[in-house]
Amino acid sequence: MEQACSHAEGLRRLESMLLLRAFEAALLRQPKPGFQLLSRGEEAVAVGICTVLERSDPLLCSGRSIAMALARGVPSGGLLAELIGKDGGPNKGRAGRAHVSMPSIGLYGAHGVVAGNLSVAAGVALAQQQLHTGAVTCCVFGDGACGAGALHETLNIAALWQLPLLLVCDNNGYAVSTAVRQGIAVEQLTDLAAPFGVPAVAIDGTDVDDVVTAMHEAVTAIRAGSGPRFIEMRCTRMGPHSTATREERPSAELERFRDTDPIMRYEQRLRALGWLDDAKLAELQAAVATAITAAEQYAADAPWPDGDEALRDV
Amino acid sequence: MEQACSHAEGLRRLESMLLLRAFEAALLRQPKPGFQLLSRGEEAVAVGICTVLERSDPLLCSGRSIAMALARGVPSGGLLAELIGKDGGPNKGRAGRAHVSMPSIGLYGAHGVVAGNLSVAAGVALAQQQLHTGAVTCCVFGDGACGAGALHETLNIAALWQLPLLLVCDNNGYAVSTAVRQGIAVEQLTDLAAPFGVPAVAIDGTDVDDVVTAMHEAVTAIRAGSGPRFIEMRCTRMGPHSTATREERPSAELERFRDTDPIMRYEQRLRALGWLDDAKLAELQAAVATAITAAEQYAADAPWPDGDEALRDV
Amino acid sequence: MSRLFFREAIARAISEEMQRDPTIILMGQDIAEHGGSYAETRGLFERFGAARVRNTPVAEAVTVGLAAGAAAAGLRPLAFITYVDFLMIGLDPLVNYAAKLKFKSAAQLTAPMVVKATAGAKGQGPTHAQSLDSWLMNVPGITVLAPSTSGDAYGLLKTALRAPGPVVYIDHKRLFPLGGEVPDGETLVPVASAAIRREGRHLTIVAHSYMSLVTIEAAKLLAKEGIEAEVIDLRSVWPVDWDTLEASVRRTGHLLTVEEGQEVCGVGTEIAFVLQERLDGLRVARLGARRMPVSASPVLESYALPDAERVAASARRLLQRARQDDVAVTT
Amino acid sequence: MSRLFFREAIARAISEEMQRDPTIILMGQDIAEHGGSYAETRGLFERFGAARVRNTPVAEAVTVGLAAGAAAAGLRPLAFITYVDFLMIGLDPLVNYAAKLKFKSAAQLTAPMVVKATAGAKGQGPTHAQSLDSWLMNVPGITVLAPSTSGDAYGLLKTALRAPGPVVYIDHKRLFPLGGEVPDGETLVPVASAAIRREGRHLTIVAHSYMSLVTIEAAKLLAKEGIEAEVIDLRSVWPVDWDTLEASVRRTGHLLTVEEGQEVCGVGTEIAFVLQERLDGLRVARLGARRMPVSASPVLESYALPDAERVAASARRLLQRARQDDVAVTT
Ligand SMILES: Cc1ncc(C[n+]2csc(CCOP(=O)(O)OP(=O)(O)O)c2C)c(N)n1
Ligand SMILES: Cc1ncc(C[n+]2csc(CCOP(=O)(O)OP(=O)(O)O)c2C)c(N)n1
Ligand SMILES: [Mg+2]
Ligand SMILES: [Mg+2]
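Chains as they are written, first to last, in the numbering used here: chain C, 1 to 314; chain D, 1001 to 1314; chain Y, 2001 to 2331; chain H, 3001 to 3331.
Take the hints with a grain of salt, since some may be wrong.
Derived lysine-lysine pairs resembling DSS-like cross-links, with alpha carbons at most 25 Å apart [unchecked claim]: (1) H:Lys3122 <-> C:Lys32; (2) Y:Lys2122 <-> D:Lys1032; (3) H:Lys3122 <-> H:Lys3224; (4) Y:Lys2122 <-> Y:Lys2220; (5) H:Lys3158 <-> H:Lys3173; (6) Y:Lys2224 <-> Y:Lys2173; (7) H:Lys3173 <-> H:Lys3220; (8) Y:Lys2158 <-> Y:Lys2220; (9) D:Lys1032 <-> Y:Lys2224; (10) H:Lys3122 <-> H:Lys3173; (11) Y:Lys2173 <-> Y:Lys2158; (12) H:Lys3220 <-> C:Lys32.
Label pairs and their computed distance ranges (CB to CB) [stated by the list, open to error]: (13) H:Arg3310 <-> Y:Leu2279: 23 to 33 Å; (14) Y:Gly2179 <-> D:Lys1032: 20 to 30 Å; (15) H:Leu3178 <-> C:Pro303: 31 to 41 Å; (16) C:Asp259 <-> D:Ala1179: 48 to 58 Å; (17) D:Ser1056 <-> H:Ser3015: 27 to 37 Å; (18) H:Arg3310 <-> C:Arg258: 47 to 57 Å; (19) C:Ser6 <-> H:Glu3309: 40 to 50 Å.
Bear in mind the hints are in silico, worked out from the structure with no lab data behind them. Note that CB positions come from ideal geometry on N, CA and C, so glycine has one too.
With the hints as extra help, turn the sequences into a complete structure.
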């Protein structure tokens, strides 16, 4: 599956993925980066999803949310400040990675409770339906969340009420140390949607164009009123679960991840199309580097949040 | 599907169902019958299940538990005392219908939280597996429980760990006022087991012989180590949801329930086989009436429970 | 004023608010055609239609999550949990999402939702009889309201349906069959406003929900012995109307708290602590359920729960202990 | 005595008990090959095998339910909930089944299960930082244990794994990297046995879990000013060792409770209430988290939580208020 996109759009997708990766690297360079779940290897999922969603389409994501927030359009400086707990981001430093939100651009928020965003997303979709906004609510969750009963209850209600809800399972192969097959007794995660009659597809989540195509199909159908859909996006988590978790996968397995690196793959595709060469790549990387430097400066200058002010928002 | 059973066994099944129905009628005649969920129309499920389970096979049921407890072998006098809150039953009056248990005969208990018995039953099955008892744990729950995420989580863990667990959905068509189709967005409830590779069948739960046959197949397979199974038993709740709930189904619908009355059906079958005539039926009814009278006397004589004693068991 | 059954007062409050605010939607088990477990939503489905009055499956977790998400996105959901015991199953979206939403989003998102549940015991046994008030009070960001009269059911539910953040509104099973006066105009009961149900000078008894009625009965028993108890109904369990409570105990010098839930870390414990802090020398006692599950057995249920006689006995003991102490001080 | 990291003390306790009692099984996320989120189950999978050390899906509800059912049927399950916040998802089987099982079955069934969870804040934000101690205390039938040292982790976990009914054993994230002495023989810490961590005569400070360590730091600050605080670590949050606490406050006359959770209906509120009841004239104060969610931001996290300076300040205020009152009484 390959979405025909323009030259410019192809380069934008690549640059966007490069920015996500560089941003997370910059985060790790912070003196105190905090407890973070990174998305290295999962950039195509984030960029592909946000390419298709309108700003008015609510997006909810899981605790692995940094790439998703950036791709959605949270300014990188503000996001960096937010992640290290400073005021200057959309949530004044209170949210951190697991709770970042920016509803003005449709980011209804990350949620640190695995599977906890599913029923909430159904509620957001219910509001769209009831208020006739025409918006599609997109909820991204991990493969690990598929073990939770929340998925069952959410699929059921979304099907019963024909909610405009797109469920995207970011299947990066693991929930911490637990491989999908060890945690969920199904052949394919998409099987879980079948009993409820919710159309489901599994796609290659390391191919940004494939992600865009699948998203486009699903969003179009949902917007036309066809009810909920489910997409499983298969990708690889190239790093450890979190900045606090030891990496225990054998290095041979980690080596193999190179082949599914969404950025390497997309670079090759664009080169094959003749849209990318070393000079162009260097140009994109320079633009990304400039953006990152500005973000670092912004975050460094950002003030620490004020406790009294935060207390007033309870 | 019809299980060939002996003449004597056929009459036992009928008598057992007659006892269940007469018992519930006697309960309603009590001065203060309490808040009860009755099983009129669902007797074949209870008798069929308990016909097949060994005493050492743990049985867990839902809040609609009276027929199940009786069929399992809780003495009718003790059960009557228990249901009206008197000491004299297996739980000294503390349990009531929603929590009655008698582990000495394998009744691990009713549980008043809809779907709350599913994960607990998986735990009981895990204990059987780990302790190599060879027992099959049977968990009975309603169609309403199928809307709860607990079913998903239980199916998943039972499949992952190949637990000796038999999940029986007593589908009486309604969760209070909500018809199955309004509450669960699936074609058939058995579809819910499919993603997890758990073999599932739907049977006529108003035919006690069918129930016995399906139970026998499932229990045999599970005991042989083939992992969990799911049986949906379709029947009708002939009365209102509870003694406190108004009946709102149109009387035409209630009329139709006669055709699926498991007792009428079985009487006809036994008559057709030549095993039952009016005299034999009168004999069975007399035996049941005697048992019920004795139970009523027992319950009337039973003392009220002692609070201080109960307090010591917290 | 009209005389309405408790359940009618509820239906009227909801109906008026739904009429006023088109973003209000109802979700819960058997609330549509069936009209609710206690007939408290009767007529609403017919009046407001299937889109605004929605039956849910028996799935409390997704019900509360739906309410939280819908609230964040512009609706005002009222989610029904038949028994508050089952709110346990839906606590995660309430506590981990809705209660923290305004804080964590820096006020960009809020969750103006109401969970309406029924607490307390009435012959339905251990998992249909609990009170979770003190758990909910413990969580920053949740308002907890609990009426004991038709008028307050009306006034508090209307307040809940206009509140800025999550509210848990808690009925009691024993209130539904009761009737009471309901104001004809729109009279809201504000958050944090306790009601003095009976004036008295010897001690203050603070209760809420059905225990307010039990306490009024107890006060009548005490009055026959010459003990004049001031009875205060919290109505708003959190936030508490501290000023009304403090003014009362300053007059009486003695506080008894009564609740149907457990004493340990209970509502009364909190109230007693704060009032002792505000009034040096205040003498306090608390009464709640005995430390055991509540059984469906009528005998064990009454053994476990406070009744008028037990409330009165606690009041007498409190006053007697105080007198003994005073004697000890003067001699 | 050997010096063990907190996590090593846990692993040793579990290992010894599994060796002793073949019915003990472990269930939880990433506890098998991975060795647990805090490396606290390292080596157990290798030693006891896949049947007794079981990874679970990310599904807390079924995990706790499995433990409850397995306990009822003859095993002794130890269920791991990585963050106690997620125990909310599994409260129904714990509270509605396990805690009531002995009562409701008339002691024919019991649920000797342990839930091991980790509470408290360490930079992980609002849904990974809560303390549910007081909710659990509120429920009849649940024992709540919370160590602050390696030795107590060892001793309390062993006690938990021999207890007759459900136990929630709660670690704190900040304890795992710490080391401490662990007795070489089998030394259990009994239920309801508090530990006096430091003797003092001016006031008693009662804390538990990580806040015990913070309180000891506070006591050092206070000592420099001539204030001698007696520091008591509850260890057993429920049941409480009332006698040790009462004896202490009888000596000091002043009580400060410190906890990381919320003050409202909190652990400290309960302790203060009961001790005030036991000792007339006792002066009390409580300190807990500010009334807000805990953010991942280091600045907001420390703003929300008690630290040694804030504990010391509360202690000073308590003593000063008491002095003023005494002056008021004498003049
Ligand atoms: C309810 C709950 N249980 C446990 C955790 C701890 N936890 C955080 S991330 C994670 C793994 C989730 O796996 P998956 O859904 O596949 O997402 P991924 O981390 O792979 O993006 C776990 C178990 C949590 N945050 N919430
Ligand atoms: C978790 C929970 N929610 C709600 C209830 C109230 N309730 C009791 S029985 C029942 C209906 C359940 O329907 P079903 O599972 O089909 O069982 P049936 O009553 O038909 O036997 C409901 C909603 C409950 N007991 N537990
Ligand atoms: Mg994953
Ligand atoms: Mg049913």
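Hints, one by one, checked against the model:
no.	hint	result
1	H:Lys3122 <-> C:Lys32	holds, 13 Å
2	Y:Lys2122 <-> D:Lys1032	holds, 13 Å
3	H:Lys3122 <-> H:Lys3224	violated, 29 Å
4	Y:Lys2122 <-> Y:Lys2220	holds, 23 Å
5	H:Lys3158 <-> H:Lys3173	holds, 20 Å
6	Y:Lys2224 <-> Y:Lys2173	violated, 29 Å
7	H:Lys3173 <-> H:Lys3220	holds, 23 Å
8	Y:Lys2158 <-> Y:Lys2220	violated, 31 Å
9	D:Lys1032 <-> Y:Lys2224	violated, 33 Å
10	H:Lys3122 <-> H:Lys3173	holds, 6 Å
11	Y:Lys2173 <-> Y:Lys2158	holds, 20 Å
12	H:Lys3220 <-> C:Lys32	violated, 29 Å
13	H:Arg3310 <-> Y:Leu2279: 23 to 33 Å	holds, 25 Å
14	Y:Gly2179 <-> D:Lys1032: 20 to 30 Å	holds, 24 Å
15	H:Leu3178 <-> C:Pro303: 31 to 41 Å	holds, 33 Å
16	C:Asp259 <-> D:Ala1179: 48 to 58 Å	holds, 51 Å
17	D:Ser1056 <-> H:Ser3015: 27 to 37 Å	holds, 32 Å
18	H:Arg3310 <-> C:Arg258: 47 to 57 Å	holds, 51 Å
19	C:Ser6 <-> H:Glu3309: 40 to 50 Å	violated, 60 Å
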